[in-house]
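The lines below spell out each chain.
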Amino acid sequence: MTHVLKIEDLHVSVGDKPILRGVNLTLNHGETHALMGPNGSGKSTLGLAIMGHPGYEVTSGSITLDGKDVLEMAPDERARAGIFMAFQRPMAIPGVKMADFLRHATTNVRRPDRKEGEELIPMREFRKELREKMEHLRMDSEFARRYVNDGFSGGEMKRAEILQLAMLQPKFAVLDETDSGLDADAVRLASESIADIGHQKMGLLIITHHDKLLEHNPPDFTHVMLGGRLVETGGKELAEELHQHGYDRIRKAYPDAEALNQKLLAEDAEEALA
Amino acid sequence: MSTDAPAEPKTEIGEINKYNFRTETTGVFKAKKGVNREVVNQISDIKNEPDWMREFRLRSLDIFESKPTPKWGGAIDIDFQDIFYYLKPTDHQGKTWDDVPQEIKDTFDKLGIPEAEKKFLAGVKAQFESEVVYGSLEEDLAKKGVIFTDTDTAVREHPELLREYFGKIIPPEDNKFAALNSAVWSGGSFIYIPKGVSIDFPLQAYFRINAESMGQFERTLILVDEGANVHYVEGCTAPMYSTESLHSAVVEVVVKRNARCRYTTIQNWANNIYNLVTKRAYAYGDATMEWVDGNLGSKLTMKYPAVHMMEPGARGEILSIAFSSAGQHQDAGAKLVHEAPNTTGQIISKSISKNGGRSSYRGLVSVHPGAHNSKNNVVCDALILDAESRSDTYPYIEVSEQDVQIGHEASVSRIGEEQMFYLLSRGLTEQEASTMIVNGFIEPLVKELPMEYAIEMNRLIQLQMEGSVG
Numbered sequence: 000m001t002h003v004l005k006i007e008d009l010h011v012s013v014g015d016k017p018i019l020r021g022v023n024l025t026l027n028h029g030e031t032h033a034l035m036g037p038n039g040s041g042k043s044t045l046g047l048a049i050m051g052h053p054g055y056e057v058t059s060g061s062i063t064l065d066g067k068d069v070l071e072m073a074p075d076e077r078a079r080a081g082i083f084m085a086f087q088r089p090m091a092i093p094g095v096k097m098a099d100f101l102r103h104a105t106t107n108v109r110r111p112d113r114k115e116g117e118e119l120i121p122m123r124e125f126r127k128e129l130r131e132k133m134e135h136l137r138m139d140s141e142f143a144r145r146y147v148n149d150g151f152s153g154g155e156m157k158r159a160e161i162l163q164l165a166m167l168q169p170k171f172a173v174l175d176e177t178d179s180g181l182d183a184d185a186v187r188l189a190s191e192s193i194a195d196i197g198h199q200k201m202g203l204l205i206i207t208h209h210d211k212l213l214e215h216n217p218p219d220f221t222h223v224m225l226g227g228r229l230v231e232t233g234g235k236e237l238a239e240e241l242h243q244h245g246y247d248r249i250r251k252a253y254p255d256a257e258a259l260n261q262k263l264l265a266e267d268a269e270e271a272l273a
Numbered sequence: 000m001s002t003d004a005p006a007e008p009k010t011e012i013g014e015i016n017k018y019n020f021r022t023e024t025t026g027v028f029k030a031k032k033g034v035n036r037e038v039v040n041q042i043s044d045i046k047n048e049p050d051w052m053r054e055f056r057l058r059s060l061d062i063f064e065s066k067p068t069p070k071w072g073g074a075i076d077i078d079f080q081d082i083f084y085y086l087k088p089t090d091h092q093g094k095t096w097d098d099v100p101q102e103i104k105d106t107f108d109k110l111g112i113p114e115a116e117k118k119f120l121a122g123v124k125a126q127f128e129s130e131v132v133y134g135s136l137e138e139d140l141a142k143k144g145v146i147f148t149d150t151d152t153a154v155r156e157h158p159e160l161l162r163e164y165f166g167k168i169i170p171p172e173d174n175k176f177a178a179l180n181s182a183v184w185s186g187g188s189f190i191y192i193p194k195g196v197s198i199d200f201p202l203q204a205y206f207r208i209n210a211e212s213m214g215q216f217e218r219t220l221i222l223v224d225e226g227a228n229v230h231y232v233e234g235c236t237a238p239m240y241s242t243e244s245l246h247s248a249v250v251e252v253v254v255k256r257n258a259r260c261r262y263t264t265i266q267n268w269a270n271n272i273y274n275l276v277t278k279r280a281y282a283y284g285d286a287t288m289e290w291v292d293g294n295l296g297s298k299l300t301m302k303y304p305a306v307h308m309m310e311p312g313a314r315g316e317i318l319s320i321a322f323s324s325a326g327q328h329q330d331a332g333a334k335l336v337h338e339a340p341n342t343t344g345q346i347i348s349k350s351i352s353k354n355g356g357r358s359s360y361r362g363l364v365s366v367h368p369g370a371h372n373s374k375n376n377v378v379c380d381a382l383i384l385d386a387e388s389r390s391d392t393y394p395y396i397e398v399s400e401q402d403v404q405i406g407h408e409a410s411v412s413r414i415g416e417e418q419m420f421y422l423l424s425r426g427l428t429e430q431e432a433s434t435m436i437v438n439g440f441i442e443p444l445v446k447e448l449p450m451e452y453a454i455e456m457n458r459l460i461q462l463q464m465e466g467s468v469g
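Chains as they are written, first to last, in numbering that gives the first Met the number 0: chain G, 0 to 273; chain H, 0 to 469.
For the record, the hints were derived by calculation from the structure and aren't laboratory data.
C-beta: ideal position from N, C-alpha, C; glycine also.
There's no promise every hint is true.
[As the list claims (entries may be wrong)] Just a sample of chain G residues kept apart from chain H, beta carbon distances all over 12 Å, derived:
id, residue
1, Thr1
2, Ser12
3, Leu24
4, Asn38
5, Gly66
6, Glu124
7, Ala143
8, Gly180
9, Glu191
10, Pro217
11, Val230
12, Asp247
13, Glu269
[Stated by the list, open to error] Computed Cβ-Cβ distance ranges for the label pairs, DEER-style:
id, chain 1, residue 1, chain 2, residue 2, range
14, H, Ala409, G, Asn38, 36 to 44 Å
15, G, Glu124, H, Arg256, 49 to 57 Å
16, G, Leu264, H, Ala386, 29 to 37 Å
17, G, Arg109, H, Ala74, 45 to 53 Å
18, G, Thr58, H, Ile405, 48 to 56 Å
19, H, Arg458, G, Arg126, 19 to 27 Å
20, G, Asp255, H, Arg458, 58 to 66 Å
21, G, Gly180, H, Lys446, 29 to 37 Å
22, H, Arg458, G, Thr1, 43 to 51 Å
23, G, Thr1, H, Asp385, 38 to 46 Å
24, H, Ala409, G, Gly14, 29 to 37 Å
[To be verified] With a straight-line Cα cutoff of 25 Å, these simulated DSS-like cross-link-like pairs (lysine-lysine) come out:
id, chain 1, residue 1, chain 2, residue 2
25, H, Lys255, H, Lys142
26, H, Lys446, G, Lys127
27, G, Lys235, G, Lys200
28, H, Lys446, G, Lys96
29, H, Lys32, H, Lys175
30, G, Lys132, G, Lys211
When you get a sec, could you build the whole thing from the sequences and use the hints?
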């Protein structure tokens with residue numbers, strides 16, 4: 000059976016502010032989708048809503064995984080059902096070693112029925128796998144002993160997110176600007192790594208402004224978000240076009256969505272000042 | 000909620016404390032409840048003590064009676080006449096494991112101590128109730144001249160050392176509870192490390208309270224001679240009882256020139272116990288004294304390990320962790336007193352409060368006249384897990400010199416929604432995620448503990464965290 004993550008007419012608000020206004024997207028296992036769009040259009044909101052962030056309220060619409068209602072699941076249940084998100088700004092957990100965190104997470108995701116307090120994956124077995132995956136991603140083994148995202152550079156955080164993707168092997172992954180803040184070499188490495196781990200092996204939703212991350216992950220579909228809606232869907236040539244020429248054509252073609260986008264951006268700026 | 004519905008019994012506190020059991024003891028002797036000259040004389044009689052110790056006890060009793068109960072810190076509501084001050088479970092001290100009575104072994108079994116016992120090196124002292132009942136000292140330690148015994152034995156066998164130091168670092172006049180301990184003390188460890196001797200494994204003690212309404216007043220004295228080095232570890236868990244119980248220890252440490260001493264404690268008291276402890280060390284020229292202090296459980300803990308840096312180059316370091324839950328108040332902290340030039344002190348304190356628990360950091364940094372070029376740094380971080388819990392900081396700083404460096408950083412944080420969401424998004428449950436964040440918070444201190452204590456500490460935190468999310 001091919002796994003399917005299906006988003007239908009999704010409306011999401013933060014506080015009383017509507018951000019997503021009816022998003023439809025079907026992600027089949029093995030497909031790669033690029034999600035592009037100007038700042039403030041709602042790309043990260045879609046990712047966070049899929050993952051179940053408590054600050055993002057789904058006001059209507061549905062998300063299902065193989066027909067099961069994802070919105071009924073707590074974030075940890077979603078993770079164990081096979082949904083993953085690589086965060087744009089992952090949180091630091093001081094004092095918790097990457098290896099310990101990953102062993103716990105990996106155990107829970109691989110054994111979704113595990114009860115609290117039950118055994119974790121045996122240490123030896125886990126360490127061996129972690130070491131192999133890290134070598135494969137060309138990561139220094141020292142990384143496993145560092146505290147989760149604590150004092151990591153932007154690049155290290157993104158590498159850590161990719162390592163988690165490799166260990167957790169989700170069915171579907173949202174990668175939220177996993178290329179931002181990286182230099183050209185680092186982006187190429189990230190692109191290769193993601194392709195290696197996930198391309199055609201998972202359903203990937205790659206949020207990006209650039210086409211470099213897509214170099215090794217040619218998208219089957221490219222979606223453009225504006226004002227909380229997917230206004231256009233095309234193939235990989237759409238991603239190339241947007242990267243080269245920007246969003247001017249899109250903004251002109253969808254003036255209503257553009258107006259909403261500008262309004263949200265202006266409100267964000269006001270809040271930032273307040 | 001309707002007002003006539005019967006209140007839900009509050010069982011959570013009891014469930015959190017895994018060590019909520021008791022074993023019947025057939026104490027050979029049980030003093031009457033309460034404290035007076037007769038009881039103190041009786042304790043001294045049973046121990047067959049020299050006159051100087053009897054006089055010390057009686058003088059201390061007078062001081063105890065003349066001092067009011069402190070009004071600061073936490074709420075102390077103790078009926079001093081409703082407590083047993085001495086209890087002796089066996090006639091003689093066990094020399095080997097076989098000598099230890101079965102009922103005591105049963106209690107240790109419930110605590111999982113036999114497993115630890117296997118790992119423990121020969122330096123183990125186990126205290127059951129007021130007396131040390133089991134202990135053996137590795138032969139080569141004895142050959143090096145190391146003395147590691149219970150303090151009662153030390154009074155008989157090492158009178159010259161005891162008379163010189165006992166009650167000199169912490170005199171009975173110091174505070175009401177030090178006076179009480181001085182009057183009725185029993186058990187505790189006496190350690191002497193001769194000049195230049197370095198002990199490369201931790202000396203350990205396990206002790207616990209096990210008699211209803213029984214106070215435990217152990218008395219520990221550690222002397223680390225010039226250039227010597229020792230790490231002493233004590234840990235204890237206590238069964239839970241319904242009536243108030245008092246634990247009031249006194250720990251005195253002397254660290255001579257160029258010597259080093261680390262004293263590590265993890266205490267997980269039952270939730271009805273007052274834990275009012277006085278700990279103080281004198282560190283002489285270029286000596287280092289470190290207190291590592293973990294406090295869990297108890298109704299009220301008041302404990303401020305102190306280092307007095309007496310001569311140039313002395314160092315004092317205090318690491319403390321406090322975890323308070325429902326009905327618990329941890330008033331813990333540290334004191335560093337710079338009495339000489341070029342001395343260095345550091346305090347790192349971490350506290351966690353949950354389910355309405357209260358943690359206070361109370362610390363003193365004092366730089367005496369003449370202690371120029373001294374350095375002191377204090378970092379205290381508090382983590383509050385819910386809106387019902389509370390954390391306070393009471394830093395006292397007295398500086399009598401100009402050319403000193405004094406730093407103080409304090410932070411209070413709550414588990415952030417974003418941190419929580421991040422861990423949940425990786426498949427951890429709320430319980431697992433909050434436990435992980437708390438363990439991470441105290442990690443900088445836990446990594447200073449010997450391995451088995453670090454594991455124990457994490458396990459205790461996990462027990463404390465159970466049922467904290469809901």
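Here is what the structure says about each hint:
no.: 1; hint: Thr1; in the structure: holds (23 Å)
no.: 2; hint: Ser12; in the structure: holds (17 Å)
no.: 3; hint: Leu24; in the structure: holds (19 Å)
no.: 4; hint: Asn38; in the structure: holds (20 Å)
no.: 5; hint: Gly66; in the structure: holds (21 Å)
no.: 6; hint: Glu124; in the structure: holds (18 Å)
no.: 7; hint: Ala143; in the structure: holds (15 Å)
no.: 8; hint: Gly180; in the structure: holds (18 Å)
no.: 9; hint: Glu191; in the structure: holds (24 Å)
no.: 10; hint: Pro217; in the structure: holds (27 Å)
no.: 11; hint: Val230; in the structure: holds (28 Å)
no.: 12; hint: Asp247; in the structure: holds (34 Å)
no.: 13; hint: Glu269; in the structure: holds (22 Å)
no.: 14; hint: H:Ala409 to G:Asn38: 36 to 44 Å; in the structure: holds (38 Å)
no.: 15; hint: G:Glu124 to H:Arg256: 49 to 57 Å; in the structure: holds (52 Å)
no.: 16; hint: G:Leu264 to H:Ala386: 29 to 37 Å; in the structure: holds (34 Å)
no.: 17; hint: G:Arg109 to H:Ala74: 45 to 53 Å; in the structure: holds (50 Å)
no.: 18; hint: G:Thr58 to H:Ile405: 48 to 56 Å; in the structure: holds (54 Å)
no.: 19; hint: H:Arg458 to G:Arg126: 19 to 27 Å; in the structure: holds (22 Å)
no.: 20; hint: G:Asp255 to H:Arg458: 58 to 66 Å; in the structure: holds (59 Å)
no.: 21; hint: G:Gly180 to H:Lys446: 29 to 37 Å; in the structure: holds (31 Å)
no.: 22; hint: H:Arg458 to G:Thr1: 43 to 51 Å; in the structure: holds (44 Å)
no.: 23; hint: G:Thr1 to H:Asp385: 38 to 46 Å; in the structure: holds (44 Å)
no.: 24; hint: H:Ala409 to G:Gly14: 29 to 37 Å; in the structure: holds (32 Å)
no.: 25; hint: H:Lys255 to H:Lys142; in the structure: holds (21 Å)
no.: 26; hint: H:Lys446 to G:Lys127; in the structure: holds (24 Å)
no.: 27; hint: G:Lys235 to G:Lys200; in the structure: holds (18 Å)
no.: 28; hint: H:Lys446 to G:Lys96; in the structure: holds (12 Å)
no.: 29; hint: H:Lys32 to H:Lys175; in the structure: holds (19 Å)
no.: 30; hint: G:Lys132 to G:Lys211; in the structure: holds (23 Å)
The earlier numbered hints are all upheld by this structure, with none contradicted.
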